[in-house]
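Residue numbers (our numbering), protein chains in the order written: chain S, 1 to 114; chain Y, 115 to 225.
Because the hints were derived from the structure by calculation, they are not lab data. Worth double-checking, as some hints may not be accurate.
[To be verified] In silico DSS-like cross-links for lysine-lysine, where the CA-CA straight-line distance does not exceed 25 Å:
no.	chain 1	residue 1	chain 2	residue 2
1	Y	K184	Y	K116
2	Y	K212	Y	K181
3	Y	K156	S	K7
4	Y	K181	Y	K170
5	Y	K170	S	K65
6	Y	K212	Y	K184
7	Y	K212	S	K7
8	Y	K156	Y	K217
9	Y	K217	Y	K116
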Amino acid sequence: SAVISQKPSRDICQRGTSLTIQCQVDSQVTMMFWYRQQPGQSLTLIATANQGSEATYESGFVIDKFPISRPNLTFSTLTVSNMSPEDSSIYLCSVVRAQPETQYFGPGTRLLVL
Amino acid sequence: QKEVEQDPGPLSVPEGAIVSLNCTYSNSAFQYFMWYRQYSRKGPELLMYTYSSGNKEDGRFTAQVDKSSKYISLFIRDSQPSDSATYLCATGGGSNYKLTFGKGTLLTVNP
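Use the sequences and the hints to build the structure in full.
Structural data, given as structure tokens:
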């Protein structure tokens, strides 16, 4: 398995502001992802965080809204920019462990935008 | 049609019951199949994973995959109140390891 921590665990933010979420892993991993889990919805992949290069975004998600950094193989940040109430959600990072290839999730960041 | 369909429930059973949770998927390229358990206010926890059709057993849990009908199941034997959680199925394929999730089934096991 993998030990993954996220900060903050929760936050309440005002409309129009930005929040940066941190994800820290206990050992180096090649693949790291960011997901969103909206109330009553399935987990939706936002982007793949690539070390040393720009993140790869899924359809419907753009870098201006969700900038991502991946400075090394154990750490990544996701920023939710210019927030609106529709951004209220749980944001989760995940990593892939090899042999077998399985994906593990962090505890999530619960965001409420007023 | 959504790529992964899962009945959201809720599902309520008495302690000791056998629980059956099911998902269907549409993409025949999916190669790996996972079940996650998510307790309230926690991140998803990997419960079972499999890469082929057939059954995989781990204690009280059995994961079943039928690729011909694109159907995946999770069975829980002798269910316990501690099994009360949301169960998420997930599938994926290829080297990018991207997963597509079902909406999750909320299970309550009553003592």
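(message) Tell me if the straight-line CA distance from K212/Y to K7/S falls inside 25 Å.
(response) Answer holds: K212/Y to K7/S is near 23 Å, not above 25 Å.
(message) Against the 25 Å threshold, does the CA-CA distance of K156/Y and K7/S hold or violate the hint?
(response) At roughly 14 Å apart (the allowed maximum being 25 Å), K7/S and K156/Y satisfy the hint.
(message) Hint check: K184/Y vs K116/Y, CA-CA at most 25 Å. Holds or violated?
(response) Distance ~13 Å between K184/Y and K116/Y Cα, so the pair holds.
(request) Starting from K156/Y, check that the Cα of K217/Y is at most 25 Å away, please. (result) Holds, at about 16 Å.
(request) Decide if the proposed pair is consistent with the structure: K212/Y and K184/Y, CA atoms, cutoff 25 Å inclusive. (result) Given that 25 Å is the threshold and the Cα spacing comes to 18 Å, the pair holds.
(request) Take the C-alpha atoms of K170/Y and K65/S, compute the straight-line distance between them, and say whether it is at most 25 Å. (result) violated (41 Å)
(message) With the threshold set at 25 Å, check whether the alpha-carbon distance from K181/Y to K170/Y stays at or below it.
(response) Given pair K181/Y, K170/Y holds - Cα atoms ~14 Å apart, limit 25 Å.
(request) Starting from K212/Y, check that the Cα of K181/Y is at most 25 Å away, please. (result) holds (19 Å)
(message) Next pair to validate is K217/Y with K116/Y; report whether the Cα-Cα distance is within 25 Å.
(response) Since the Cα atoms of K217/Y and K116/Y sit roughly 10 Å apart, the hinted pair holds (cutoff 25 Å).
Figure legend: structure checked against the earlier numbered hints; the only hint not met is number 5.
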